[in-house]
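Protein chains in written order, with the working numbering: chain H, 48 to 159; chain Z, 717 to 1044.
To be clear, the hints were calculated from the coordinates, so they are not data collected in a lab. One or more hints might be untrue.
Stated by the list, open to error - Simulated crosslink set (SDA-like; lysine to any residue; CA at most 25 Å straight-line):
#1 K146(H) - F1014(Z)
#2 K921(Z) - V939(Z)
#3 K146(H) - T840(Z)
#4 K146(H) - K921(Z)
#5 K907(Z) - I122(H)
#6 K741(Z) - I122(H)
#7 K146(H) - D866(Z)
#8 K741(Z) - R85(H)
#9 K146(H) - V800(Z)
#10 K146(H) - V1006(Z)
#11 K146(H) - K907(Z)
#12 K146(H) - G1003(Z)
#13 K146(H) - A848(Z)
As the list claims (entries may be wrong) - For the chain Z half of the interface with chain H, some residues (derived, Cβ under 10 Å), not all of them:
#14 S726
#15 A727
#16 I760
#17 A763
#18 I780
#19 L787
#20 Q821
#21 T840
#22 L847
#23 A887
#24 Y986
#25 M1001
#26 V1019
#27 A1022
#28 G1024
Stated by the list, open to error - Some chain Z residues flagged as far from chain H (calculated, every beta-carbon gap over 10 Å):
#29 I724
#30 V728
#31 R870
#32 A874
#33 K921
#34 V935
#35 S936
#36 I949
#37 D958
#38 S989
Computed from a prediction, not measured in an experiment: that's the story for all the values here. Just so you know, even glycine gets a beta-carbon here, dropped at the ideal spot from N, CA and C.
Here is what each chain is made of, one letter per residue.
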Amino acid sequence: MTHLLAVSQYGASHAVTITLAMSALLFTIGLVGFLVRRNMILMFLCTEIMFQAAALAFIAFGRMRMDTGGQIFVIFILTIAAAEAALALGLVILLFRRKETLSSEAWSELHE
Amino acid sequence: MPLLPFYIASAVAAVGLLYVLRPNKPSLRRGGAVVALAGAGLFISEALRLAGPPSAGVPIALLIALVVIGLYAAVRVITHPRPVFAALYFIVTVVASAVIFLLLQAEFMAFALIIVYAGAILITYMFVLMLADQGPRDSIGHIDDDGDYDRVPREPMAAVLVGFILLGTLAAVVERIPSTAVLAESSLEQKVSRQQADALVMMPKHLLNIVKRSDATAVSVAVAPNASIQGSIVQTQVTQADGTMKNIAVDAAGKIDNTQMVGLDLVARYPASLELAGIILLMAMFGAVVLARRQIEFGEDEVRDAAGLRRIVLDVPEHERAIPGGRQ
């Protein structure tokens, strides 16, 4: 009754492999996005995609070893993501007030 | 060369992504999307091939559908010309990974992910996107390339190359997984039942509830002294309502669900990390407050008001004052 959807097999190597492959692809997409995007807010959104990929990998490895450590580390990832979002968005707002634009290239020269 | 198929898949995905990033060419972008998807599919199917024939109970089709949805939405996040839509697509990625968490029996984290990510963090992003809304800024007279910075990617070629290298490196890890699934089924099963028994010993109230199901007269229960836990069986000493003591063996298998396990391990195995996480959140709050604080320049009048002094009233005609307004 407990796991209607869940992968029943213990090692679950297929589900784990698929999830890890997705994690690798997602992390790559996040990195490419961070490099490609010019909007500062969306650059930070791309770091969130990378966090997401890391969380997927942790859950998959935790499932593979049947260990809760993976899930608990995801809780900490959520914490760090929340802290990062608060600080990064605060910084973005600060920068936006100075130059009235979200383009990261407006800050390519460090002096004003 | 077992990694060659992964490198080919990564290259195909990279070329596709390069074309997806092309602005203003819808036909090329659509073709690029198909090629990128094919590359991702190759990557995953190669990983699956290495994992051997699938056994019953693994909903592979559902998983693959979720992976495709999640990856497609992630690509839209990095290519969509409108920031708000990009943020909404990110929610799709989050929900797809939450369902994958469910499939991997991480129920608590699945819902925590939806609540914290899709609920809290993404709303913060939305607020900031709205706050820093661009709109028709040209009317004020800014002369930079404002309108284009969401549409035109920066250095797509270099970025995709970096992505290709990263994916090739990660492929080496993915490739090794099937052979490093170190623990055999039977030993994993043993490990799980042992974990559950250990956890049950640390949860006396839960243990009492379980005992009460079979013995309604039990009023208290303790783990039997010098009794060893065998497999998932815990030897307990039950005190009944009339004061008699009795030994009962409790089978812990299946009595503790994933969420209880996570909660127990969080405070029992990682208490210091939990405290550190709290400190990090506190520091982030301070940081955000300091960053968001707006500098307000007080004029001389306000400063004198705050100090309880009378304002200086100059008896000089307006046009003869040295500092217009008397502030700054």
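These are the hints, each one checked on the structure:
no. : hint               : result
1   : K146(H) - F1014(Z) : 23 Å, holds
2   : K921(Z) - V939(Z)  : 12 Å, holds
3   : K146(H) - T840(Z)  : 21 Å, holds
4   : K146(H) - K921(Z)  : 59 Å, violated
5   : K907(Z) - I122(H)  : 23 Å, holds
6   : K741(Z) - I122(H)  : 41 Å, violated
7   : K146(H) - D866(Z)  : 17 Å, holds
8   : K741(Z) - R85(H)   : 19 Å, holds
9   : K146(H) - V800(Z)  : 21 Å, holds
10  : K146(H) - V1006(Z) : 19 Å, holds
11  : K146(H) - K907(Z)  : 58 Å, violated
12  : K146(H) - G1003(Z) : 21 Å, holds
13  : K146(H) - A848(Z)  : 11 Å, holds
14  : S726               : 8 Å, holds
15  : A727               : 12 Å, violated
16  : I760               : 5 Å, holds
17  : A763               : 4 Å, holds
18  : I780               : 7 Å, holds
19  : L787               : 6 Å, holds
20  : Q821               : 5 Å, holds
21  : T840               : 5 Å, holds
22  : L847               : 7 Å, holds
23  : A887               : 7 Å, holds
24  : Y986               : 6 Å, holds
25  : M1001              : 7 Å, holds
26  : V1019              : 24 Å, violated
27  : A1022              : 25 Å, violated
28  : G1024              : 33 Å, violated
29  : I724               : 15 Å, holds
30  : V728               : 12 Å, holds
31  : R870               : 5 Å, violated
32  : A874               : 7 Å, violated
33  : K921               : 20 Å, holds
34  : V935               : 29 Å, holds
35  : S936               : 28 Å, holds
36  : I949               : 19 Å, holds
37  : D958               : 35 Å, holds
38  : S989               : 6 Å, violated
In terms of the numbered hints stated before, the structure departs from hints 4, 6, 11, 15, 26, 27, 28, 31, 32 and 38, listed from lowest to highest.
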